[in-house]
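Trainee: Protein chains in written order, with the numbering used here: chain A, 451 to 561; chain B, 299 to 413.
Read the hints as simulated data drawn from the structure, not as lab findings. Hints are not guaranteed to be accurate.
[Said to hold, decoys possible] Covered stretches of chain A, going by a simulated chain B footprint (3 or more residues, C-beta under 8 Å):
(1) 479–485
(2) 488–494
(3) 503–515
None of these values were measured; they are calculated from a predicted model. Even for Gly, the Cβ is constructed at its ideal location relative to N, Cα and C.
The chain contents come next:
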Amino acid sequence: ILNVEQSPQSLHVQEGDSTNFTCSFPSSNFYALHWYRWETAKSPEALFVMTLNGDEKKKGRISATLNTKEGYSYLYIKGSQPEDSATYLCAFNNAGNMLTFGGGTRLMVKP
Amino acid sequence: EPEVTQTPSHQVTQMGQEVILRCVPISNHLYFYWYRQILGQKVEFLVSFYNNEISEKSEIFDDQFSVERPDGSNFTLKIRSTKLEDSAMYFCASRADRGDNTEAFFGQGTRLTVV
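Take these sequences, add in the hints, and give me the full structure.
Mentor: Structure follows, in structure tokens:
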């Protein structure tokens with residue numbers, strides 16, 4: 451059983467704050483690490499697919515880093531906005547075809 | 299933008315009944331998946347499907363479950379005799395290929411409630 455953990459489980463921040471959360475995953479048999487943004491009643495939306503150690507990806511105010519040797523990825527949100535409120539999921543892809551998900555970080559941004 | 303669509307959005311069924319959850323993956327995608335999330339738990343892999351056959355399945359995907367791609371566009375998950383513990387949100391996903399960099403696109407889910 452692959453262990454993918456996310457922390458914190460939930461986070462409340464004020465509009466304008468920058469924030470980050472962590473995904474930890476097994477460091478062996480690594481193929482890719484996926485980040486998703488999931489709003490209630492909508493489809494999980496792919497943010498990043500990261501494959502290389504040291505990778506850093508950015509989409510607007512959201513960025514992510516990857517350390518495959520130690521088995522963690524950080525997701526950063528700069529200047530949080532209320533519309534960033536969602537659950538952020540990471541998913542680990544090993545040699546198989548499936549994604550193993552973390553429990554998610556639920557972000558709430560107060561105006 | 300192309301999307302994965304799932305129907306129905308919510309299904310209520312009696313224990314022991316059969317249910318079929320339907321998905322229309324993105325049209326040029328080749329790999330198809332079902333995942334589920336029981337309330338309060340992590341999203342879990344059920345099955346992957348490629349070239350008209352199951353390529354991988356989890357321990358959850360027992361003989362009560364089956365998948366089919368009957369007509370080249372729909373991808374269905376059937377639960378033969380539902381149990382209370384099958385109540386969950388079921389997600390369909392598709393990918394264009396198996397490349398490391400390839401995103402999986404998810405549908406909005408079907409909430410299955412077994413009573």
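Trainee: Would you mind marking each hint as holding or not holding in the structure?
Mentor: For each hint, the structure was consulted:
1. 479–485: holds (count 3)
2. 488–494: Since 4 is at least three, the answer is holds.
3. 503–515: With 0 residues close enough to chain B, the hint is violated.
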